[in-house]
Structures are given as structure tokens and as C-alpha cells.
Amino acid sequence: MARIPHGRLATYGQIADLIGAFGCARRVGWALRRLKLPSTIPWHRVVNTQGRISMSLSREGSDWIQRDLLIAEGIPVDAEGRLPLRQFLWHPDAHAGD
DNA sequence: CATTTGACGCTCT
DNA sequence: TAGAGCGCCAAAT
Numbered sequence: 068m069a070r071i072p073h074g075r076l077a078t079y080g081q082i083a084d085l086i087g088a089f090g091c092a093r094r095v096g097w098a099l100r101r102l103k104l105p106s107t108i109p110w111h112r113v114v115n116t117q118g119r120i121s122m123s124l125s126r127e128g129s130d131w132i133q134r135d136l137l138i139a140e141g142i143p144v145d146a147e148g149r150l151p152l153r154q155f156l157w158h159p160d161a162h163a164g165d
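Here the first sequence is numbered in our numbering, starting from 68 and rising by one per residue.
Take these hints with a grain of salt, some might be off.
Computed Cβ-Cβ distance ranges for the label pairs, DEER-style [said to hold, decoys possible]:
{"no.": "1", "residue 1": "86", "residue 2": "146", "range": "29 to 37 Å"}
{"no.": "2", "residue 1": "102", "residue 2": "73", "range": "17 to 25 Å"}
{"no.": "3", "residue 1": "93", "residue 2": "157", "range": "14 to 22 Å"}
{"no.": "4", "residue 1": "89", "residue 2": "131", "range": "25 to 33 Å"}
{"no.": "5", "residue 1": "124", "residue 2": "145", "range": "28 to 36 Å"}
{"no.": "6", "residue 1": "160", "residue 2": "126", "range": "26 to 34 Å"}
{"no.": "7", "residue 1": "153", "residue 2": "103", "range": "30 to 38 Å"}
{"no.": "8", "residue 1": "159", "residue 2": "128", "range": "26 to 34 Å"}
{"no.": "9", "residue 1": "87", "residue 2": "143", "range": "26 to 34 Å"}
{"no.": "10", "residue 1": "131", "residue 2": "87", "range": "25 to 33 Å"}
What the hints contain is simulated information worked out from the structure, not anything from laboratory work.
All values derive from a computational prediction rather than experimental measurement.
C-beta atoms are modelled at their ideal positions from N, C-alpha and C, and glycine is treated no differently.
Please model the complete structure; the sequences and the hints are all you need to start from.
Below, the structure is given as C-alpha cells:
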């Protein structure tokens, strides 16, 4: 997840696939949930495949913090949490160096 | 030990 | 394009 470039987005499934946990997108979200903020890793660059921030009451506002952080990185986010995923989606194997 | 839940994703309508 | 249903698996209860 730390490999995600500034101003780029990745999906939960993408991260799961990247670490070999194919199809285990929910577990990525589970891991992020128990993340303590602030964190050194760019957790805010991870959204769902629908191109939306996963809003949840259990996040206690971290979802809105995520929206703010993304906007700060130049990614326009809708009031409903929707964003142009296709345009900012990160391609992990683009450089194939890591 | 049985159930419910969750920062997901795919398929069908 | 939007909404509903189902599978997924570890944690929490």
C-alpha cells in the first residue's frame, strides 16, 4: 500500500491481489479498520472498486478524513464519496520494479 | 461452539 | 445507472 504513488488510487481488491490474497478484499478493509491514526502508510488512497469511499458509521469520521485527504492530493471527491477512479487508478505492474 | 458483522466485489435485474 | 443478493473469512460476541 505504501507503494501507491501520490495522487493515485488503488482498490481493496487490488491490494489483496498484490499480496497474494486473491479475492480477499474484505480482509484488506478489515486490516485498515484496526489501523491506528495517524498512520505512515497512505491508507486514504485505497477505495472500493466502485470508485467510492467506503462510508461507515463505525469509522467514526475517518471516511470523511479520507475524502479530505484525497481532495488535498488533487482528486475531486463527490459529496457522496464518489471519485473518478478510472482516471487516477494506480497500475502496480506499470514499472514492474518492486 | 453458533451467529453476526464488516473500510469488498461480482452477478443479475 | 442503481439496487439487491450472495460468497468470502477472520473477529467479535
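Going down the list of hints, with the structure as the test:
1. 86 - 146: 29 to 37 Å: holds (32 Å)
2. 102 - 73: 17 to 25 Å: holds (19 Å)
3. 93 - 157: 14 to 22 Å: Holds, at about 20 Å.
4. 89 - 131: 25 to 33 Å: Distance hint for residue 89, residue 131 holds at roughly 31 Å.
5. 124 - 145: 28 to 36 Å: Since residue 124 and residue 145 have Cβ atoms about 19 Å apart, the given range 28 to 36 Å is violated.
6. 160 - 126: 26 to 34 Å: holds (30 Å)
7. 153 - 103: 30 to 38 Å: holds (32 Å)
8. 159 - 128: 26 to 34 Å: holds (29 Å)
9. 87 - 143: 26 to 34 Å: holds (33 Å)
10. 131 - 87: 25 to 33 Å: The hint (25 to 33 Å, Cβ to Cβ) holds, given that residue 131 and residue 87 are roughly 32 Å apart.
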